[in-house]
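Using the sequences and the hints, build the whole thing.
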Amino acid sequence: MKFDAQDCELVFKKQLTNTIYDLRLKNKSLAEITKPGQFVQILVPSKTLRRPISVCDVENDTIRLVFEIRGEGTQILSETKVGEFINIIAPLGNGFDIAPDKKTIFIGGGIGVPPMLYSAKQCGKNATVINGFRNQKAVILEEDFKSFAGNVIITTDDGSYGIHGFVTQPLQEYIKNADMVCACGPMPMLKNISKIAKENNIPCQISLEQRMACGVGACLGCAVAVLDENGSQTYKHVCKDGPVFNSEEVVF
Amino acid sequence: MADLSVNIAGVQFNNPIIAASGTIGFGHEYSEFYPLSVFGGISCKGTTLKERLGNPPPRIAETPMGMLNAVGLQNPGVEHFIENDLPWLKQQNTVVIANVAGSTQEDYCRMVEILSDTDIDMVELNISCPNVKEGGVQFGTSCESVGAITKAVRKYCKKPLIIKLSPNVSDIASIAKAAESEGADAVSLINTLTGMRIDINTRKPIIKNITGGMSGPAVFPVAVRMVWQVKKAVSIPVIGMGGITTWKDAVEMMIAGADAIQIGTALFTDPYSPVKIADGLNKYLDDHNMKSVTELTNTVIV
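Heads up: the sequence lines are chains A and B, in that order.
Heads up: the first sequence at position 3 corresponds to 3 in this note's numbering, and the numbers run straight through without jumps.
Throughout, this note's numbering is defined as the position within the second sequence, counted from one, plus 1000.
These aren't lab readings, by the way, just hints derived from the structure by calculation.
Errors might be hidden in some of the hints.
[As the list claims (entries may be wrong)] DSSO-like cross-link-like pairs, simulated, lysine-lysine; straight-line CA separation at most 30 angstroms:
1) 81/A to 103/A
2) 121/A to 47/A
3) 1090/B to 81/A
4) 47/A to 1208/B
5) 1248/B to 236/A
6) 198/A to 176/A
7) 28/A to 125/A
8) 47/A to 176/A
9) 240/A to 1208/B
10) 236/A to 1090/B
11) 195/A to 1204/B
12) 2/A to 1276/B
13) 1050/B to 236/A
14) 236/A to 1155/B
Since this is a predicted model, take the numbers as computed values, not measurements.
Printed below as a string of structure tokens:
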């Protein structure tokens, strides 16, 4: 089985900020085949399209999802009660290609932070984590990362917590001793990270999002512009070819 | 257990549930959920003579009980389909339908000529795609143009020929008649309704193509009405689609006049919907003492 649509019991729910929720879904058969950087497609009652949400973590037989309320669908999802069942298609996409013994910098921006948790965990002490947020109130998962990572750096846009500025500032320093960069967050951030990685000749993997329908690679809805091996522009699809792409192939 | 099999233009389907073109690709991904034989047939992704990259993203927007798409016929081209997908599809114990799109009449003719020499079971002529600049729906919006392309393609088509109709017309029944009179073996309807959504913060259309094709439960009543009108107008089989989500929708669409149905957007909401629809159809037929699903077709009492 590569993926399946199955019901999962919501076994834990916590509100992390005004708009961000932490859900844990119990499903042994899906959890045990889920890899870092993959995502799930969540069925939201009364909505035609499922919501694609990256996997934050996998613990035993539960899949952890940390998501932000962005519209009606995620609002409805946040109102699910512990003990109720949620139908997901999982695990989807390719995930990050991680070498646990390589010094890897994991960068998350805002709601791009959760997908980096399970990914960074694979590298343990070899992981340097740089997470950027708007302000102190938006900071999430700091203790989770600190429980295993070699180094955890927080930046805030307004300086209310951690380093005042963007994730690219500490990246400029830490990339000198890194073998790999993995990142997820807003496109302008990913563009700048990719540029820095290229300047330093360090491979960089970025996780993208796109409006999506089937989630499995059939409908071709979630296209992203990429360069093919000849350097001409074509399209790949976030759900099947991604969500993780080599930063050098992505057309920003 | 009632008999769910149907015969459309001489082709035997194990059940009346067909995967709609553009929603299931060439079947590979959904075969991860179940054997593709859960479908009576599969209408493959709209295919063109040469590879098409499709439209720039975003290509998808959600709507109340539905969605818009403007994928723009992204496909690897007919030769790639014949070499890489068709042999595998033919082993899946389901009817394989090629969905054919083109920019010119010559394209359509060449495509069906090529496909006529393959193992494909049927051809569905896509003259109703709203998301490409050339071709597509321009062939499908008047009786004259539908008649002309059907007549032209018929000469080259050795396979049973389905004409897929656009709902973006004033009189779909007359268009169906035009297709029938020029040699169509069946009609399928409805393709998507042209729609548009705008982000109120940026004031930009959500879909890069500006407009897209609307599908999903919201279009179902429009589809039922059009299938009913077309069934009254033609004597060839009618394949009904548009927003079918549950087995009840499938029953309703058949009562309205459909000899078979297609499901598309429902697969996105629930990949297992064809299995549930088949189960529900079976139970409904048993409960109503019907031996065959064909007894349902065109039984609306008005």
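So, going through the hints one by one against the coordinates:
no.	hint	verdict
1	81/A to 103/A	violated, 40 angstroms
2	121/A to 47/A	violated, 34 angstroms
3	1090/B to 81/A	violated, 45 angstroms
4	47/A to 1208/B	holds, 22 angstroms
5	1248/B to 236/A	violated, 37 angstroms
6	198/A to 176/A	holds, 12 angstroms
7	28/A to 125/A	holds, 28 angstroms
8	47/A to 176/A	violated, 46 angstroms
9	240/A to 1208/B	holds, 21 angstroms
10	236/A to 1090/B	holds, 27 angstroms
11	195/A to 1204/B	holds, 29 angstroms
12	2/A to 1276/B	holds, 22 angstroms
13	1050/B to 236/A	holds, 18 angstroms
14	236/A to 1155/B	violated, 37 angstroms
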